[in-house]
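2 is the number of the first residue of the sequence shown in our numbering; add one for each residue after it.
Since the hints were made in silico from the structure, they are not lab data. You may find that some hints are simply not true.
Claimed, not checked - Each computed SDA-like pair below joins lysine to any residue, with the alpha-carbon atoms no more than 20 Å apart:
#: 1; residue 1: Lys225; residue 2: Thr262
#: 2; residue 1: Lys302; residue 2: Glu137
#: 3; residue 1: Lys199; residue 2: Pro267
#: 4; residue 1: Lys146; residue 2: Val158
#: 5; residue 1: Lys324; residue 2: Val209
#: 6; residue 1: Lys76; residue 2: Asp40
#: 7; residue 1: Lys78; residue 2: Arg221
#: 8; residue 1: Lys223; residue 2: Arg72
#: 9; residue 1: Lys93; residue 2: Arg32
#: 10; residue 1: Lys223; residue 2: Pro170
Said to hold, decoys possible - Distance ranges between label pairs, derived from CB positions:
#: 11; residue 1: Gln289; residue 2: Gly91; range: 20 to 30 Å
#: 12; residue 1: Lys327; residue 2: Asp204; range: 11 to 21 Å
#: 13; residue 1: Asp268; residue 2: Lys225; range: 25 to 35 Å
#: 14; residue 1: Pro129; residue 2: Leu310; range: 34 to 44 Å
#: 15; residue 1: Asp301; residue 2: Cys174; range: 19 to 29 Å
#: 16; residue 1: Thr57; residue 2: Pro316; range: 10 to 20 Å
#: 17; residue 1: Lys76; residue 2: Glu290; range: 22 to 32 Å
#: 18; residue 1: Ser126; residue 2: Asp204; range: 36 to 46 Å
#: 19; residue 1: Asp74; residue 2: Arg212; range: 17 to 27 Å
#: 20; residue 1: Glu50; residue 2: Leu310; range: 32 to 42 Å
#: 21; residue 1: Gln289; residue 2: Thr57; range: 19 to 29 Å
#: 22; residue 1: Thr269; residue 2: Lys76; range: 32 to 42 Å
We treat Cβ as the ideally placed atom computed from N, Cα and C, and that holds for glycine.
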Amino acid sequence: KFLESARAAEITTTEGASTCLHHARRRQPKRAGTMRVEDVTAGELLANEDAMAFLTVWEASNNVIIGWARRNDPKMKTRFLVLYEDSSSGAKVCGAAMLTEEFFPLLMAVPTTTEAAVALEEYLSETPLLGANGPEAAAATFAAKRAARGRDPAAWVPEVALVCYEATPESFCFATPKETEAARWLDGDADADLDLLKALIDDFSVAVDQRPSGDMAARRLKDKAGKFLVLETTSDEDKDKGTVCALAASARTTPRYGIITSVFTPDTWRRQGCARRAVSAVAKHLLQEKERVALFADQDKAGPNQLYLSLGFSPVSTMQAWKPPKNEKDPLC
């Protein structure tokens, strides 16, 4: 399947070729400490069986890297880095990362080692970065080495740590049909739904202390690049029938996993089981085609973590973000 995806990712249009010429150019492997670093394209990553085996052991945790490679959007100027450790028995993949210029911080895959993080920092020592995200130990090591080098105006600080949860059809505790009868998928062709989604995601962004991304979510819905479900109130719950009381989305998938994102409940409707019902509706939809579902939760927020455990999810990894200190004068912060 991955080889087929790699062939599908090849540039087939003149526009794509001209846009992606620089980023599709093959780069020679380089040494960084004891590691060998390969800077590859999306197609090369998907065709690299060793690298894909490294990523897919933790397929849910690495869904962004896998999904971004399969998507292969030339506008995003994405670089994929694979780190090898040479030994007498041959080269072994010990790390992988994705760098999308002007958009995401560096994203290191699970289970990138701390040694690989050191080599990766050396390799990217002259590259401007918005931060780094990855397995807790690897991300902390990368940030410490970056600070010691003095490359940035100020040392990065730790931000939210995200726990990756997985569930199977057998482990999931589904809501009843009655509980989810007021759930509906938003329509990307309906202006009212696009406006509703933009407002909900902007509120969600504020709640999780991120830059507003409602416009981006609306574009994904309109382009059929993601599915967004809202749970609405019924006449028994509220005099204003149809008020949105929860949001959940299926914005990314991998070959075996459906990824649930953007779980949000407006303040008025919290602690009333709305998020549980919305997540259950999205999970039921995804598990019709996928082997498992997964989602991420802030490690420090007890409520969401308790909710996902009660639904039958199990924690499998934790990712830590390190970013520059927030500065109101810096539009990127």
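Hint check results:
{"no.": "1", "hint": "Lys225 with Thr262", "verdict": "holds, 15 Å"}
{"no.": "2", "hint": "Lys302 with Glu137", "verdict": "holds, 17 Å"}
{"no.": "3", "hint": "Lys199 with Pro267", "verdict": "holds, 14 Å"}
{"no.": "4", "hint": "Lys146 with Val158", "verdict": "holds, 13 Å"}
{"no.": "5", "hint": "Lys324 with Val209", "verdict": "holds, 15 Å"}
{"no.": "6", "hint": "Lys76 with Asp40", "verdict": "holds, 18 Å"}
{"no.": "7", "hint": "Lys78 with Arg221", "verdict": "holds, 18 Å"}
{"no.": "8", "hint": "Lys223 with Arg72", "verdict": "holds, 17 Å"}
{"no.": "9", "hint": "Lys93 with Arg32", "verdict": "holds, 14 Å"}
{"no.": "10", "hint": "Lys223 with Pro170", "verdict": "violated, 30 Å"}
{"no.": "11", "hint": "Gln289 with Gly91: 20 to 30 Å", "verdict": "violated, 41 Å"}
{"no.": "12", "hint": "Lys327 with Asp204: 11 to 21 Å", "verdict": "holds, 20 Å"}
{"no.": "13", "hint": "Asp268 with Lys225: 25 to 35 Å", "verdict": "holds, 31 Å"}
{"no.": "14", "hint": "Pro129 with Leu310: 34 to 44 Å", "verdict": "holds, 39 Å"}
{"no.": "15", "hint": "Asp301 with Cys174: 19 to 29 Å", "verdict": "holds, 24 Å"}
{"no.": "16", "hint": "Thr57 with Pro316: 10 to 20 Å", "verdict": "holds, 19 Å"}
{"no.": "17", "hint": "Lys76 with Glu290: 22 to 32 Å", "verdict": "holds, 28 Å"}
{"no.": "18", "hint": "Ser126 with Asp204: 36 to 46 Å", "verdict": "holds, 39 Å"}
{"no.": "19", "hint": "Asp74 with Arg212: 17 to 27 Å", "verdict": "holds, 20 Å"}
{"no.": "20", "hint": "Glu50 with Leu310: 32 to 42 Å", "verdict": "holds, 35 Å"}
{"no.": "21", "hint": "Gln289 with Thr57: 19 to 29 Å", "verdict": "holds, 22 Å"}
{"no.": "22", "hint": "Thr269 with Lys76: 32 to 42 Å", "verdict": "holds, 38 Å"}
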